[in-house]
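*Asks:* The primary structure of each chain is shown beneath.
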Amino acid sequence: MSNLWPRIESLLPRVEKPARYIGMERGSVRPEHHPGKVAWLLLYPDAYEVGLPNQGLQILYEILNERDDAVAERSYAPWVDLEAEMRAHGVPLFSVDTHRAAGDFDVLAFNLSAELVFTNLLNCVDLAGVPVRSAQRHPEHPLILAGGHCAFNPEPLADYVDAFVMGDGEEVIAEITEVIGAWKRSGRAHREQVLHDLATVPGVYVPSMYDVEYDGPRVVGVTPRYPDVPAVVDKRTVADLAEWPYPKRQLVPLVEVVHDRLNVELFRGCTRGCRFCQAGMITRPVRERPLEQVRTMVRDGLRRTGYDEVALTSLSSADFSGIDGLVGGIVEEQTATGSVSLSLPSLRVDAFTVGVASEIQRVRRTGLTFAPEAGSWRLRQVINKLVTEADLYAAVDAAFSQGWRRVKLYFLTGLPTETDVDTLGIAELATNVVDIGRRYTKGASATVSVGGFVPKPHTPFQWFGQNSVDELRRKVSLLRDALRRSPAKVRWHDPEASFAEGIASRGDRRIGAVIERVWRAGGTFQEWSEHFSLGRWLDAMAAEGLDPDWYVTRHRTEDEVLPWDHIAAGLHRDFLWQDWKAALAEHGLPDCRWTPCYDCGVCTGYALEHVVAANVPPAGGSQGTGQDLATGHSVPVQLLPAGARPRSGGTGARVAG
Amino acid sequence: MRGDTGHPVRLRFSKRGPVRFISHRDVARAFERAFRVAEVPLAFTAGFSPHPKISFGPALAVGYESDAEYLDLECTEEVDETRWTAEVTAALPEGIAVTRVAPLADRAPSLQEEISVLAYEVVLGGIPADAVGPVVADLLGRASVEVTVSRKGEARIDDIRPSVLALHQPRPYEACVVVEVATRPRTLRVVDVVHGLRAVAGDAWPIEESRVRRTYQWIERGGARHEPLDVDRRSDARTLEACA
Ligand code: SF4
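Protein sequence lines, in the order shown, are assigned to chains U and R. Position 443 (the first sequence) corresponds to 443 in this note's numbering; numbering is contiguous. One gets this note's numbering by counting positions in the second sequence from 1 and adding 1000 to each.
Worth flagging that the hints you see were computed from the coordinates, not collected in a lab. All figures in this text were calculated on a predicted structure; none of them were measured in a lab. There could be a bad hint or two in this list.
Covered, in the sense of this in silico footprint (three residues per stretch, anywhere, with C-beta under 8 Å from a C-beta of chain U), are these stretches of chain R [as the list claims (entries may be wrong)]:
(1) 1013-1021
(2) 1029-1038
(3) 1087-1098
Within a straight-line C-alpha distance of at most 35 Å, the following computed DSBU-like cross-link-like pairs (lysine-lysine) qualify [to be verified]:
(4) Lys1152(R) <-> Lys17(U)
(5) Lys489(U) <-> Lys17(U)
(6) Lys1152(R) <-> Lys489(U)
(7) Lys17(U) <-> Lys1053(R)
(8) Lys1152(R) <-> Lys1053(R)
(9) Lys1053(R) <-> Lys442(U)
(10) Lys37(U) <-> Lys17(U)
(11) Lys489(U) <-> Lys408(U)
(12) Lys1053(R) <-> Lys248(U)
(13) Lys442(U) <-> Lys408(U)
(14) Lys1053(R) <-> Lys408(U)
(15) Lys408(U) <-> Lys248(U)
(16) Lys37(U) <-> Lys184(U)
(17) Lys184(U) <-> Lys248(U)
Simulated DEER-style distance windows between Cβ atoms [said to hold, decoys possible]:
(18) Asn432(U) <-> Glu1078(R): 52 to 60 Å
(19) Thr1187(R) <-> Arg30(U): 33 to 41 Å
(20) Arg1142(R) <-> Gly535(U): 54 to 62 Å
(21) Arg1016(R) <-> Gln55(U): 28 to 36 Å
Backbone N, C-alpha and C fix where the C-beta goes; we use that ideal spot for every residue, glycine too.
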């Protein structure tokens, strides 16, 4: 069919980093298309070097290409220079694997991991030659699908994406392929028909199958238009990660990308219950990969890719129940065969974790990163990041005493109940950290990174009114002033970008038109500071007659219908509301992996359990449990017997309201 | 200078097709990974962050193809060149192929020090095939050809003529030239040769480079040119042509 390579090739000498567009990564495939197969184009709507490492996309790429009834290729957002050339020369969006026109695929499936890429999604659809609005598409156009964390509030893109997929994609992708395959075989007559069929697949949300009712500015109801379309769409959850040892052939890019190393997923889900963290809330319960499988994936992955670095990924890798033995084993095995470095992204803040880190980083001890997130114990109880000052100082002391020289500290500002005492607490912590470091080395340094907090759907903070741009700015300068004479350095995220993120994060369907206007005004690559401008967003809000503060800085009420209430991540709305109240009362909540269940709804509603790799919790304690875990209590969870997997998306919890 | 405990090897490779768009740095990383996949017994530098002892010849610009790229590496043991020529090629990105390997004498001077001539085949745009000959002859007939070159971000006027060692049109029916450039006092870039042709042609032809392939690199020693694989060979070992 259409191979656009010769036309693309002639444009590449004129653009930056042309190798972004050539494909040919080790592990990539050039699948054979066939009318009987459903052709998926998996897209990451940001630059290649950000999108390529995305594990979710790579997993689906492999799973689909292993099927007899599907092929999958990949695409990324062309950088602005190539986009201009493509538009000038009439070259449409293409896949990097066989350089086939995006419009020739049956499905364009987007991974949405950040709100600010929404305009890039529209741009990619447009570059594919497909109308950006779902209502204007015809049967011959590809279906536009989206998944990933940002799909959990699909409403801002509801008029632009045909169907959203909630939760883990490994299993549902097969069911979707079958529905689309059947539609193709039937001659692709009506788009409405395939969309209706998709809407009955558990985990799939088809916005056009629902009517939204407003009362003034408020959404008051979202109701299905057909009786067989679910009123609430539940997320999909893979019960046992052991059945999905993917990616088996991780892609090895030819150019440098972020996270350029072998990445092996240790577990999915997190039960620490940090109240600001959407990822932690929507990926429950915890599903650990068996220890032996992790070892095999590391061993085979290194051998196949030639990487000399491996990261064991998850939301909190030091919490993996077999972390001690795993790390020791890998280090031993790999140092025997060559010099491989191992890293655990997202370290916990305690001395035990530093011990694990020192075991794996025998060489190259340069920087360690900790995320206390808030400047006072009071505020850390509010956000349920139960790290004490003693924990932090012990961790930092351990780090500097074992040869690290730089410590990075991550904080959020603009958190609920935050006062200037909390903000100044950040400065105090940072100063103390440097003081501890100087006891060991004169060159000790600390960098404080501050991000403006953006409340996210499906978290206890979904009701909280975000801080205004001015307020975030004021707090950042307060902190900068406090650290002016300190050796600790401060970096901060642009408060204006946080504001735009806030518009999209908790937006409803009306925000779609705003995103379209921002895109039409040239606002692509909004994650990149050189391309971002809040002015475009505010102009678009004004043009649509929408009040930015109503969307961003307003506190929501308990009885208010939230635009994503018909999407369920499994967490009871009551639980979230109580947890929000508990936050305001400064009560922390323990980690339910090691203490009795407090019925947030996920396990109970979906008949799931935490799956752990070993029945001994990690030494060093787990936050807020009050248990001395160092001695190894038995764990109140069970290893799921293989074969007895409950299906997700069944009866289960519903969001009230 | 090399240590005398390891087993140095010189390797020639080609870079063809879409992979020509990856940078010199990317090629280096691809080789490091390929060596690990093929389990080549690499020697590492000592110190805080050890890295394999690999060194490359003159960089090739992004977008250019090549029949003749070179790198030196040091192994910890004698390697079976035929076996690993195939295995390393299999582990490299499509379009990069190891074409020949030769054992290198201990303490052989580096490629960067020794390569003195680079040859390219340059397909030209903006000029018909039959107009190329006269422009080439014109350039060769001049004692100096001044063009504006950019060096470290700064524009300056340079005489490129002394660094153009040879220039001809290999096939009369094609707008294409073969050029040999000197690497000293500094490497003359192909774009500057094309600028020179354009300066000579005046307003007649808006000459531009359309496709470039490096065809040879030479080491000059004792008044003669040598293939880099054939100088400084370790005498006791054999060299095998690889079928690429
Ligand atoms: S249902 Fe219970 S055990 Fe499961 S994640 Fe929620 S609180 Fe934890």
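*Asks:* Out of the numbered hints, which ones does the structure contradict?
*Replies:* Going through the list in order, the structure violates no hint and respects every one.
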